[in-house]
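Enquirer: First to last, the protein sequences are chains D and C.
Heads up: the first sequence runs through residues 6 to 470, numbered per our numbering.
Heads up: the second sequence runs through residues 6 to 470, numbered per our numbering.
Among the hints, a few may not be true.
[What the hints assert, rightly or not] Distance condition first, Cα-Cα at most 30 Å in a straight line; then the derived DSS-like pairs of lysine-lysine: (1) C:Lys-377 with D:Lys-46; (2) C:Lys-464 with D:Lys-168; (3) C:Lys-104 with D:Lys-131; (4) C:Lys-47 with D:Lys-131; (5) C:Lys-67 with D:Lys-131; (6) C:Lys-80 with C:Lys-377; (7) D:Lys-67 with C:Lys-131; (8) D:Lys-131 with C:Lys-464; (9) C:Lys-40 with D:Lys-47; (10) D:Lys-165 with C:Lys-131; (11) D:Lys-80 with C:Lys-46; (12) C:Lys-215 with D:Lys-168; (13) C:Lys-49 with D:Lys-104; (14) D:Lys-131 with C:Lys-46; (15) C:Lys-464 with D:Lys-80; (16) D:Lys-80 with D:Lys-43; (17) C:Lys-377 with D:Lys-104; (18) C:Lys-165 with D:Lys-153; (19) D:Lys-464 with C:Lys-104.
Derived by calculation from the structure, the hints in this document are not laboratory data.
2 protein chains.
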Amino acid sequence: MLDQTTICAISTSPGIGAIAIIRLSGSEAIPIADKIFKSPKKGKILVEQLANTIHFGHIIFKDEIIDEVVLSIFKAPHSFTGENSIEIACHGSVYIQQKILEILVESGARLALPGEYTQRAFLNGKMDLSQAEAVADVIASSNAAAHKLSINQMRGGFSKEIKELRGQLLHFTAMIELELDFAEEEVEFADRTELRNLTNKIEVLLRNLKDSFQLGNAIKNGIPVAIVGETNVGKSTLLNALLNEDKAIVSNIHGTTRDVIEDVINIHGTAFRFFDTAGIRETKDHIENLGIERSYSKLELATVVLLVVDTENPYPIIAKRINNIRDRISDSQTLVIVANKIDSGLNETIQQLEVMDLTDNEKMVFIAAKQKQNMDELIDLMIHSINIEAADHQDIIVTNVRHFEILKNAHEAILRVLNGLDSGITGDFLAQDIRECLHYLGEITGEISTNEVLGHIFKNFCIGK
Amino acid sequence: MLDQTTICAISTSPGIGAIAIIRLSGSEAIPIADKIFKSPKKGKILVEQLANTIHFGHIIFKDEIIDEVVLSIFKAPHSFTGENSIEIACHGSVYIQQKILEILVESGARLALPGEYTQRAFLNGKMDLSQAEAVADVIASSNAAAHKLSINQMRGGFSKEIKELRGQLLHFTAMIELELDFAEEEVEFADRTELRNLTNKIEVLLRNLKDSFQLGNAIKNGIPVAIVGETNVGKSTLLNALLNEDKAIVSNIHGTTRDVIEDVINIHGTAFRFFDTAGIRETKDHIENLGIERSYSKLELATVVLLVVDTENPYPIIAKRINNIRDRISDSQTLVIVANKIDSGLNETIQQLEVMDLTDNEKMVFIAAKQKQNMDELIDLMIHSINIEAADHQDIIVTNVRHFEILKNAHEAILRVLNGLDSGITGDFLAQDIRECLHYLGEITGEISTNEVLGHIFKNFCIGK
Chain D
6 MLDQTTICAI STSPGIGAIA IIRLSGSEAI PIADKIFKSP KKGKILVEQL
56 ANTIHFGHII FKDEIIDEVV LSIFKAPHSF TGENSIEIAC HGSVYIQQKI
106 LEILVESGAR LALPGEYTQR AFLNGKMDLS QAEAVADVIA SSNAAAHKLS
156 INQMRGGFSK EIKELRGQLL HFTAMIELEL DFAEEEVEFA DRTELRNLTN
206 KIEVLLRNLK DSFQLGNAIK NGIPVAIVGE TNVGKSTLLN ALLNEDKAIV
256 SNIHGTTRDV IEDVINIHGT AFRFFDTAGI RETKDHIENL GIERSYSKLE
306 LATVVLLVVD TENPYPIIAK RINNIRDRIS DSQTLVIVAN KIDSGLNETI
356 QQLEVMDLTD NEKMVFIAAK QKQNMDELID LMIHSINIEA ADHQDIIVTN
406 VRHFEILKNA HEAILRVLNG LDSGITGDFL AQDIRECLHY LGEITGEIST
456 NEVLGHIFKN FCIGK
Chain C
6 MLDQTTICAI STSPGIGAIA IIRLSGSEAI PIADKIFKSP KKGKILVEQL
56 ANTIHFGHII FKDEIIDEVV LSIFKAPHSF TGENSIEIAC HGSVYIQQKI
106 LEILVESGAR LALPGEYTQR AFLNGKMDLS QAEAVADVIA SSNAAAHKLS
156 INQMRGGFSK EIKELRGQLL HFTAMIELEL DFAEEEVEFA DRTELRNLTN
206 KIEVLLRNLK DSFQLGNAIK NGIPVAIVGE TNVGKSTLLN ALLNEDKAIV
256 SNIHGTTRDV IEDVINIHGT AFRFFDTAGI RETKDHIENL GIERSYSKLE
306 LATVVLLVVD TENPYPIIAK RINNIRDRIS DSQTLVIVAN KIDSGLNETI
356 QQLEVMDLTD NEKMVFIAAK QKQNMDELID LMIHSINIEA ADHQDIIVTN
406 VRHFEILKNA HEAILRVLNG LDSGITGDFL AQDIRECLHY LGEITGEIST
456 NEVLGHIFKN FCIGK
């Protein structure tokens, strides 16, 4: 059912550049290119050229020279799509790019759909589905950690893990199904203790993968940070100081609801997503307590909570605030107590804060946001508050929400297997849950896929990829 | 004095794309690429590969895989710059593009200056200066006619013409200088009648080239169009009707003075530049006559003047307006009388307009702008009001303001030669003016160039070209 049509698209960033690349892929890619390409070498035609070679010449249409180009030939299966492909490097005027595309369409190609090159690469077995999905992540990644994860996934790291899991499960289910064949004889090919150990192991693996999504998502989309605290403690100054970091790349992301604006900052290769918690941007007009309540309401979305306190206040007041927020912080969150205004703060307050007992997921830093004092220390704390380095030690980190949803389902299925083993249910029920788990894992790599799923995945790709 | 440093730059349009191209050029291009490129084929190194070949592999830096790339090798002199060159096609994330650039710089390349690739192509004799300038025009051209002229110039059409002129002049001056050697003997190697014919011929050629700039500039930057007329005749409606043409691509260009905004519209491959003449955008608040005066003030900049008249008015009033504007139109301009509101106009007025005498550079069209009636006819008139087709029949059209300025100087020098011949001045004075003319023509092709001129030309290129 493979679509063999020859497709074409501009593959470089839209707009004017020194050069642009137009990509042609499909069974007729090379003959179509021959129709419009003329080499200065008499009689040279592309269909006779070797794979992986480069040719200088002109794009000519209706006797008009459209451009001088450099054309590259790729041949199936050694191309990105696995099909015969041509890449035309032309001058990067928008006019030329559009014109060549027009000419290609008039010569028998059709415009590619979003992600159609990558979809063909998947359908031609050049990569599995999770690798194909990673291609889009590679292109979209804007920081070192996200880039590293996506490159790893594109190169098949994630698929390898999933395939190993599937292999273990297959072995598992084979043994159980063998038992079913001999049901009357009540033999146990699958030793229940061994099965239990294996199931436990798989459950841990699936759980770790599933749990890695929090980290993966933070890396991919930025670590969610909430800045909370009373009015006039310096939240706004702190946010601005962070936004103004020399190394920071700042952008505004408009959320789904109109009142949520997030600032994404890239610091030392790590992206942070700052919630615009109430009280940061519009302190003045709010009744204090109401403002604080609203700040708290988005706390649960944050991986890092920066509680800003004003060291100009007496210690008991600050301690009360800290205890107040401690109740709202879960174990998986990091609370950073940001003791601000140390340039003008009370010595006694600072000293008492310094000796305050902190739990494992609590940190404290002393800064003067206005003077940008100790900002580096705060940034270090934020970077280390989420264990980004875990990404270096953990082979696989899930970043894709589709994979996360599937892994949740797979994990639930394997938990049912465990429960089944505990309650001694029959092999056929066990096998059914395992099959379900196998099915889910197959959905990740694309061994099991529907047009609907594929359509959903690739429609979010850009055209030309 | 050639700079042999290896330079690198992103050559595709900035921003995210499916792929991006990073270009490396210079004596060390291939060894530098070898430092960061790893082929899956063991032991394969780039310096041993043939020219015009393509290689799949990874960009690796400090043991980290940065990307999977496709790398193309070009070898001197068969590359764009004439130097050894490498093109790296990477995934088009901004992160990867920047990272690879960083790695290349750490590996011994330096960031390219604007236009530095093209400048090297010029300095290495791959193209002359007017061809190099055309590269920027090719990239910038946004309509068919401008594209065609720039491609022609890039391919050397313009240079050929200039070189022929120079050849004729050189022959001319050689004969005169021969006379100077034999000055005492009063011989005339250069027959004065022949010389006069040749000088006349060259004068005509230079004049034609110089004069072609009006057309060339109109094609390159859009045909300048002024819309004038009294208030309430429908100027604003007409402009909007033109702007809303389905085939039109509209953009706003902010001029050098704050009050000049120009709308550039691309219709059927021809660009038109509409002046925002007073009275079009802000009719209501103006005293009528003042408004009209202001409309007229920019008339001389226009190649096409659209005089909009309202056929609801009696003919004598309209005739007076037409005569009024006729005095302000030069022979090189086209006056299009746009008789508007024919749906509601006076029959008598329309009939009398239809039989009105028009000169060669006057046209009339009857439209109803509001109903978009007869707009095609108006557009046809506008397109043909400037003889764009002349571009098809005339070999060379000057589009570059630097060339235009030089040609003006060259033309003045040749006029001095003609005058000198008339007044019988001595050969040494003749020779001096001819040498001057030769010098100017050499500046166009770059046979004579200074760093200052080159710097000025290439600083306007984009980086990566």
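Enquirer: Each hint: holds or not?
Expert: Now the hints, each set against the structure:
For the given pair, Lys-377 (chain C) sits about 51 Å from Lys-46 (chain D) by alpha-carbon distance, which is inconsistent with the 30 Å threshold. Of the pairs offered as hints, the one joining Lys-464 (chain C) and Lys-168 (chain D) is violated, with about 54 Å between alpha carbons and a cut-off of 30 Å exceeded. Distance check on the hinted pair: Lys-104 (chain C) and Lys-131 (chain D) sit about 26 Å apart at the alpha-carbon level, within 30 Å; holds. Straight-line distance between C-alpha atoms of Lys-47 (chain C) and Lys-131 (chain D) comes to about 21 Å, which keeps the hinted pair within the 30 Å bound.
Restraint check for Lys-67 (chain C) and Lys-131 (chain D): the C-alpha separation of about 28 Å stays at or below 30 Å, so the hint holds. Between Lys-80 (chain C) and Lys-377 (chain C) the CA atoms are separated by roughly 57 Å; this puts the pair beyond 30 Å, and the hint is violated. The suggested pairing of Lys-67 (chain D) with Lys-131 (chain C) holds, with an alpha-carbon distance near 28 Å, which does not exceed 30 Å. Proposed proximity of Lys-131 (chain D) and Lys-464 (chain C) is contradicted: the alpha carbons are some 44 Å apart, above 30 Å.
The straight-line distance between the Cα atoms of Lys-40 (chain C) and Lys-47 (chain D) is roughly 38 Å, outside the 30 Å bound, and the hint therefore fails. With a C-alpha separation of about 50 Å, the suggested pair Lys-165 (chain D) and Lys-131 (chain C) falls outside the 30 Å cut-off, and the hint is violated. With a CA separation close to 18 Å, the supplied pair Lys-80 (chain D) and Lys-46 (chain C) stays within the 30 Å bound. With a C-alpha separation of about 72 Å, the suggested pair Lys-215 (chain C) and Lys-168 (chain D) falls outside the 30 Å cut-off, and the hint is violated.
Under the criterion of a C-alpha separation no larger than 30 Å, the hint pairing Lys-49 (chain C) with Lys-104 (chain D) is inconsistent with the structure, at around 38 Å. With a C-alpha separation of about 18 Å, the suggested pair Lys-131 (chain D) and Lys-46 (chain C) falls inside the 30 Å cut-off, and the hint holds. Taking the CA atoms of Lys-464 (chain C) and Lys-80 (chain D), the gap is near 40 Å; set against the 30 Å cutoff, the hint is violated. For a cut-off of 30 Å, the pair hint linking Lys-80 (chain D) to Lys-43 (chain D) stands: about 20 Å separates their Cα positions.
As the CA atoms of Lys-377 (chain C) and Lys-104 (chain D) are separated by approximately 29 Å, the hinted pair is consistent with the 30 Å bound. Annotation: proposed proximity of Lys-165 (chain C) to Lys-153 (chain D) is violated, straight-line Cα distance about 53 Å (limit 30 Å). A distance of roughly 28 Å separates the Cα atoms of Lys-464 (chain D) and Lys-104 (chain C); the hinted pair therefore holds under the 30 Å criterion.
The structure shown violates the earlier hints numbered 1, 2, 6, 8, 9, 10, 12, 13, 15 and 18.
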